[in-house]
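K.L.:
Letter by letter, the chains look like this.
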Amino acid sequence: MGLSNSIIRQNYIIPADDFSLAGEASSSVKKMLNQLGVPPKTVKRVSIAMYEAEINAVIHAGGGTADVAIDKEKVLITINDEGPGIPDVELAMKEGFSTAPDSVREMGFGAGMGLPNIKRYADKLDIKTEVGKGTRVQITVLL
Amino acid sequence: MKIDQLADLIQAKILTDNKSLDNEISGAYICDLLSWVMSHANKGDVWITVHTHLNIVAVALLVEVACILVPEGIQVEEATIKKANEEGIAILSSNKTAYQIAVEISKFIPLVK
Chain A
1 MGLSNSIIRQ
11 NYIIPADDFS
21 LAGEASSSVK
31 KMLNQLGVPP
41 KTVKRVSIAM
51 YEAEINAVIH
61 AGGGTADVAI
71 DKEKVLITIN
81 DEGPGIPDVE
91 LAMKEGFSTA
101 PDSVREMGFG
111 AGMGLPNIKR
121 YADKLDIKTE
131 VGKGTRVQIT
141 VLL
Chain B
1001 MKIDQLADLI
1011 QAKILTDNKS
1021 LDNEISGAYI
1031 CDLLSWVMSH
1041 ANKGDVWITV
1051 HTHLNIVAVA
1061 LLVEVACILV
1071 PEGIQVEEAT
1081 IKKANEEGIA
1091 ILSSNKTAYQ
1101 IAVEISKFIP
1111 LVK
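So the sequence lines, in the order shown, correspond to chains A and B.
The numbers in the working numbering rise by one with no breaks, and the one at position 80 of the first sequence is 80.
The numbers in the working numbering rise by one with no breaks, and the one at position 14 of the second sequence is 1014.
It should be emphasised that the hints constitute simulated quantities derived from the structure, not laboratory data.
Check the hints yourself; a few may be wrong.
[Unchecked claim] Straight line, CA to CA, 27 Å or less: simulated BS3-like cross-link-like pairs of lysine-lysine:
id : chain 1 : residue 1 : chain 2 : residue 2
1  : A       : K94       : A       : K31
2  : B       : K1107     : B       : K1043
3  : A       : K128      : A       : K72
4  : A       : K124      : A       : K31
5  : A       : K133      : A       : K119
6  : A       : K133      : A       : K72
7  : A       : K44       : A       : K133
8  : A       : K41       : B       : K1002
9  : A       : K128      : A       : K74
10 : B       : K1019     : B       : K1002
11 : A       : K74       : A       : K119
12 : B       : K1082     : B       : K1107
13 : B       : K1082     : B       : K1096
14 : A       : K31       : B       : K1019
15 : A       : K119      : A       : K72
16 : A       : K124      : B       : K1013
17 : B       : K1043     : B       : K1013
18 : A       : K31       : A       : K41
19 : B       : K1096     : B       : K1002
20 : B       : K1043     : A       : K119
21 : B       : K1096     : A       : K31
22 : B       : K1019     : A       : K44
23 : B       : K1107     : A       : K31
24 : A       : K41       : B       : K1019
25 : A       : K41       : B       : K1096
26 : B       : K1107     : B       : K1096
27 : B       : K1082     : A       : K44
28 : B       : K1107     : B       : K1013
29 : A       : K74       : A       : K44
30 : B       : K1002     : B       : K1082
31 : B       : K1013     : B       : K1082
32 : B       : K1043     : A       : K74
33 : A       : K94       : A       : K72
34 : A       : K41       : A       : K119
35 : A       : K44       : B       : K1043
36 : A       : K44       : B       : K1002
37 : A       : K133      : A       : K94
38 : A       : K31       : B       : K1082
39 : A       : K72       : A       : K31
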């Protein structure tokens, strides 16, 4: 693999309420990992987990930021938002549970699969959230 | 099967330019829940969906489906076609239902688990 010991860092803004731009960050990370020679299955896991987190930030939190750090061992994605926070993380992790509005469901999102999908594809998922303050979702995928 | 062969087979219209028509179709997947598609569709599938908004292009790219096929003559937004052209993913439009399409292509595209 073309990765040395150095860390590659990228920062992205996740725009508020703009579904048209959602996915730009994960798409860019996907291209970068492909260029680095990361195995396709790992690239898929990273990009799907990140896309789900991006979409969550757009749907629930008025956007946020995505920071990506890649080193020899792992890809670490941190999505920060200043949205309403998640009152019950355990409930939010349940497949099928969703608080997304109908307008979002009509687009094929909001099926309550975002967080479960992230957990499924990440080697580690860490959620720090405070009601009224925001949420930090940290996704680790080992290389 | 190539994308233009699929278009011929089911009389579908290719809405995007010709850049990605060489993609080989190795399976088919029908679903409109985007998270479900991301976790269950396979690379090389023709993905049949009634959604036409921009995000279908993002999902198609993530999964690396061969192309998107919109059934029942549903109008696809210009912005989606433009984005698909930029990203090199073909979008096809058919007047048939997803089921009719599945039946017609089943002889030519193998079932992939």
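K.L.:
Hints first: check each against the structure and report whether it holds.
P.N.:
Structure-based check of each hint:
no., hint, verdict
1, A:K94 / A:K31, "violated, 31 Å"
2, B:K1107 / B:K1043, "holds, 20 Å"
3, A:K128 / A:K72, "holds, 26 Å"
4, A:K124 / A:K31, "holds, 22 Å"
5, A:K133 / A:K119, "holds, 23 Å"
6, A:K133 / A:K72, "violated, 33 Å"
7, A:K44 / A:K133, "violated, 31 Å"
8, A:K41 / B:K1002, "holds, 24 Å"
9, A:K128 / A:K74, "holds, 20 Å"
10, B:K1019 / B:K1002, "holds, 12 Å"
11, A:K74 / A:K119, "holds, 16 Å"
12, B:K1082 / B:K1107, "violated, 32 Å"
13, B:K1082 / B:K1096, "holds, 24 Å"
14, A:K31 / B:K1019, "holds, 19 Å"
15, A:K119 / A:K72, "holds, 22 Å"
16, A:K124 / B:K1013, "violated, 44 Å"
17, B:K1043 / B:K1013, "holds, 22 Å"
18, A:K31 / A:K41, "holds, 13 Å"
19, B:K1096 / B:K1002, "holds, 19 Å"
20, B:K1043 / A:K119, "holds, 21 Å"
21, B:K1096 / A:K31, "violated, 35 Å"
22, B:K1019 / A:K44, "holds, 23 Å"
23, B:K1107 / A:K31, "violated, 35 Å"
24, A:K41 / B:K1019, "holds, 25 Å"
25, A:K41 / B:K1096, "violated, 34 Å"
26, B:K1107 / B:K1096, "holds, 17 Å"
27, B:K1082 / A:K44, "holds, 24 Å"
28, B:K1107 / B:K1013, "holds, 20 Å"
29, A:K74 / A:K44, "holds, 14 Å"
30, B:K1002 / B:K1082, "holds, 22 Å"
31, B:K1013 / B:K1082, "holds, 16 Å"
32, B:K1043 / A:K74, "holds, 24 Å"
33, A:K94 / A:K72, "violated, 32 Å"
34, A:K41 / A:K119, "holds, 16 Å"
35, A:K44 / B:K1043, "holds, 10 Å"
36, A:K44 / B:K1002, "holds, 24 Å"
37, A:K133 / A:K94, "holds, 22 Å"
38, A:K31 / B:K1082, "holds, 20 Å"
39, A:K72 / A:K31, "holds, 17 Å"
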